[in-house]
Structure formats: structure tokens, C-alpha cells
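Colleague: One-letter residues, chain by chain:
2 protein chains.
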Amino acid sequence: MVTSRWTAAPARSASLRRRGEVLERAILEAALDQLSTVGWNGLTMEGVAAGAQTGKAAVYRRWPSKEDLVADALQASLPRMESVPDRGSVREDLLDLCRQSRDAMFSRPGNALRAVIHECDPQQVERFHGLIIGAVVEPMTRAVREIVTRGIERGEVRADAANGYVYDAIPAMMMYRTKMCTSEWNDRDLEELIDHLMLPLLRPDAG
Amino acid sequence: MVTSRWTAAPARSASLRRRGEVLERAILEAALDQLSTVGWNGLTMEGVAAGAQTGKAAVYRRWPSKEDLVADALQASLPRMESVPDRGSVREDLLDLCRQSRDAMFSRPGNALRAVIHECDPQQVERFHGLIIGAVVEPMTRAVREIVTRGIERGEVRADAANGYVYDAIPAMMMYRTKMCTSEWNDRDLEELIDHLMLPLLRPDAG
Numbered sequence: 001m002v003t004s005r006w007t008a009a010p011a012r013s014a015s016l017r018r019r020g021e022v023l024e025r026a027i028l029e030a031a032l033d034q035l036s037t038v039g040w041n042g043l044t045m046e047g048v049a050a051g052a053q054t055g056k057a058a059v060y061r062r063w064p065s066k067e068d069l070v071a072d073a074l075q076a077s078l079p080r081m082e083s084v085p086d087r088g089s090v091r092e093d094l095l096d097l098c099r100q101s102r103d104a105m106f107s108r109p110g111n112a113l114r115a116v117i118h119e120c121d122p123q124q125v126e127r128f129h130g131l132i133i134g135a136v137v138e139p140m141t142r143a144v145r146e147i148v149t150r151g152i153e154r155g156e157v158r159a160d161a162a163n164g165y166v167y168d169a170i171p172a173m174m175m176y177r178t179k180m181c182t183s184e185w186n187d188r189d190l191e192e193l194i195d196h197l198m199l200p201l202l203r204p205d206a207g
Numbered sequence: 001m002v003t004s005r006w007t008a009a010p011a012r013s014a015s016l017r018r019r020g021e022v023l024e025r026a027i028l029e030a031a032l033d034q035l036s037t038v039g040w041n042g043l044t045m046e047g048v049a050a051g052a053q054t055g056k057a058a059v060y061r062r063w064p065s066k067e068d069l070v071a072d073a074l075q076a077s078l079p080r081m082e083s084v085p086d087r088g089s090v091r092e093d094l095l096d097l098c099r100q101s102r103d104a105m106f107s108r109p110g111n112a113l114r115a116v117i118h119e120c121d122p123q124q125v126e127r128f129h130g131l132i133i134g135a136v137v138e139p140m141t142r143a144v145r146e147i148v149t150r151g152i153e154r155g156e157v158r159a160d161a162a163n164g165y166v167y168d169a170i171p172a173m174m175m176y177r178t179k180m181c182t183s184e185w186n187d188r189d190l191e192e193l194i195d196h197l198m199l200p201l202l203r204p205d206a207g
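Protein sequences, first through last, are from chains A and B. Taken in order, the first sequence gives residues 1 to 207; the numbers are from our numbering. Taken in order, the second sequence gives residues 1 to 207; the numbers are from our numbering.
The reader is advised that the hints may include incorrect statements.
Now the in silico label distances, taken between C-beta atoms and shown as ranges [claimed, not checked]: (1) A162/B / R87/A: 25 to 35 Å; (2) C181/B / S83/A: 19 to 29 Å; (3) A159/B / S89/A: 17 to 27 Å; (4) D86/B / R127/A: 16 to 26 Å; (5) A50/B / R61/A: 44 to 54 Å; (6) R87/A / K179/B: 47 to 57 Å; (7) I133/A / G39/B: 20 to 30 Å; (8) N163/B / E184/A: 13 to 23 Å; (9) A26/B / D68/A: 41 to 51 Å; (10) H118/A / S83/B: 46 to 56 Å; (11) R61/A / R188/B: 47 to 57 Å; (12) S89/B / N111/A: 42 to 52 Å; (13) P122/A / T37/B: 13 to 23 Å; (14) R145/B / E184/A: 17 to 27 Å.
Hints were generated in silico from the structure; no laboratory data involved. Just so you know, these numbers come straight off a predicted model, no measurement behind them. Heads up, the beta-carbon is just placed ideally off N, CA and C, and yes, glycines get one too.
Bound-form chain A, shown alone (with noise of 0.2 Å):
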């Protein structure tokens, strides 16, 4: 199960002082918590700097304003997929894919991205979509697109369904959902997306 926790800090920080990293994470902490708390329209430089017991100028020096610091405090605890999943049948891999993908969107950092792009102004919009896509939407995409191939290869997905379409049916379908209805999408409409969307698409035909 996918819960909430600091995973590997993009490449642009690896290149810092290793002295400042305790307090680098201290502060992208802060910027969570400050999100959780007050949301991104009370969120202010100067809170997150005392929730990181530090100055403002420490936050400031590292991240110009506060679109950067957030997208990098929810960059770096937005909940990753591990291994594509790989239990031996289309239907199992694809299920474990959904729930981590669910997991990773309704976690901590992942009901504070979506907060945020509610509250943000426009032009922001685009950047905080953009982690949802590198976070969420791709490594999806990429794990159906692998997960089909071994289905075809076994004999359980037809040849043809290694088109994009496919590849994208379920993250289309689980953000239509969420917006449409804000579906939370437990483990039963989980099991109703693969049963009645992606198996029928996927099935071999007659032969």
C-alpha cells in the first residue's frame, strides 16, 4: 500500500550543500503543513519559515515565491508506483495499478495538489496540473502499456489493443470521474472500471 512519504528529492536539489538538506526538508514540511492547514490562499512565506523554525530568508534564497515552493514541497511527497504490478493475470495487475494510483491522488499530498489547483490563481493552473501528469497520469500510462504487452504476449489481450486509447482509458476515466462526480473511488468502483471497461476492451476475440 502507497502511503505518504518523502521519496527521492528531484535532481536540481542533489546538487546543493548536504548541510542544508535537514532544514530544505524542514521547510517543504512546513509548506505541507501549512497547506493542510490554512490551504494554499492563507499559505504565506513568512508561516512556513516559522513552521520550519528558520527565516524568511532561508525560504526565500532557495525558492522565489510561493508557486515554487509548493510545487516543490508536493513534488517531493507526492506518493510514487513502485514496480509495475505483476501477479500473473491482466485483471490483478491492473486492479493493484488503480489502488496505488488512488492511493497517491487521495493521499495527504494528493488531496493538497488538488486543493490547490481549486484555489490557485489561473495562471498557476498549469503548472500544479503538470505534477499531477508527471506524477500520476504517465507512470499510468506507462504501467497499462506494460501491462497490456505481457497480456498479449500470454494470450489474455488481444493483439490490437496496444493503441494509446487503451493506454489511456483508465486515467481518463478516473479523472472524469473525480470531477464529474467526485467519485473517491473505493475498491469497488476499482473493480467495476476494470470489469466493465478495461477486460470487454481488452479481451481476445473469438478463435
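Following the hints, complete the assembly by docking chain B onto the known chain A.
Modeller: Same frame as chain A, now just chain B:
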């Protein structure tokens, strides 16, 4: 082919005095015009009044806010789906439906609506998003349901395809791809959507 045109005004306007209708249409048309030229940010009640060659009071009397005015202008001008396509085959029916929805989404008011959603304040997004749902998405899912039902009766579609995941698949994919890769859905894209996603999803089992 569906083009941008005046459709019947919503019920609320029907109760107003007849002689006001000409003025109201002029105001709504001026609002649409402002959206195309200066966008949501540049649109003002004064500018709309001037474009309709009337006074500000005439506008405010009917629409208390910019949001109300723009919502009504878009609502009144979004192309409406004519009857559910019935061309004798599921493939042709779904393609026709997709073309109508694509034409609505990329009509002048459709483009204006998407631009407004991009530019307006976070607290207004939901209202404008609701216009897309009411004018495009819900008619589309109802139409898919009808087309699928006919297909099941004809033996062209498997009986257990009568479920919400199937009905939602097309709008989910169109919204997803419009957002992810700013796809503009030309006729070839629509054929691929139907041939690669919908027909495999709907085809009957062997037997």
C-alpha cells in the same frame, strides 16, 4: 453540421415582456463579442452595454453580475444536439455523435466557454464547468445510452455493455485528450476513438 447559432433561450427569459427580447439578444450577442475580442478579463458591463447600444442600467437590471451575464450568453448560444443519430450502425451513430459534440466544443461559444474557464476566478469555475456538463456531456451520455440500446437490440452490441462506464467512455476520453495534448479532434481522431476504443468495447462475445 452544427454551427454556432441562436437556440431557444432558457425558460427564465420566456416570462419577460416580448419587447425586451430584442434588447436582450443584443446584449447577449455583445457579451459574446466582447469575449471573443477582449476575453473574460477585458469584458465589462459598460463595454457590453455600449456594444448593445444601450445603457449600463439595462444590463444590470437583467444580469446582476458579469458571471450571470456571461453564463447566460454562453448557455444561449452553445450549439445544441439535434436528434440522436440513427444511421443504422453503431459505428456511424457514434461517429456522428462525436462530430456534433466536437463541433459544439470548438464552436465560437464553445471556445469562448473554455477560455472563460481558463481565465476566471477559482470560485466561478464550477458554474461555467456546469455549462459544459449540461450542454455537451449529459446530452452525449444520454445519446450513447440510446445508441448502445439500439445496438443491443440489433445484436450489434453485447448485452452487458449497458452500463455507465461504457456511456461515459467517450466524453471521458474527449475531455482527457483535449486537456492532456490539446487535441482538437479532427475527423481522423474521432474515427480512431471509435474504432480503437468503442467498437472493441461494444462488440458481442463469440458465439
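Colleague: State for each hint whether it applies.
Modeller: Taking the hints in turn, this is what the structure says about them:
1. A162/B / R87/A: 25 to 35 Å: holds (30 Å)
2. C181/B / S83/A: 19 to 29 Å: This hint holds: roughly 27 Å between Cβ atoms.
3. A159/B / S89/A: 17 to 27 Å: Since the Cβ atoms of A159/B and S89/A sit about 24 Å apart, the hinted range of 17 to 27 Å holds.
4. D86/B / R127/A: 16 to 26 Å: This hint is violated: roughly 45 Å between Cβ atoms.
5. A50/B / R61/A: 44 to 54 Å: Given a distance of about 50 Å, which is inside 44 to 54 Å, the answer is holds.
6. R87/A / K179/B: 47 to 57 Å: Because 31 Å falls outside the window, the suggested range is violated.
7. I133/A / G39/B: 20 to 30 Å: holds (26 Å)
8. N163/B / E184/A: 13 to 23 Å: holds (19 Å)
9. A26/B / D68/A: 41 to 51 Å: holds (47 Å)
10. H118/A / S83/B: 46 to 56 Å: violated (37 Å)
11. R61/A / R188/B: 47 to 57 Å: holds (51 Å)
12. S89/B / N111/A: 42 to 52 Å: holds (45 Å)
13. P122/A / T37/B: 13 to 23 Å: holds (19 Å)
14. R145/B / E184/A: 17 to 27 Å: holds (24 Å)
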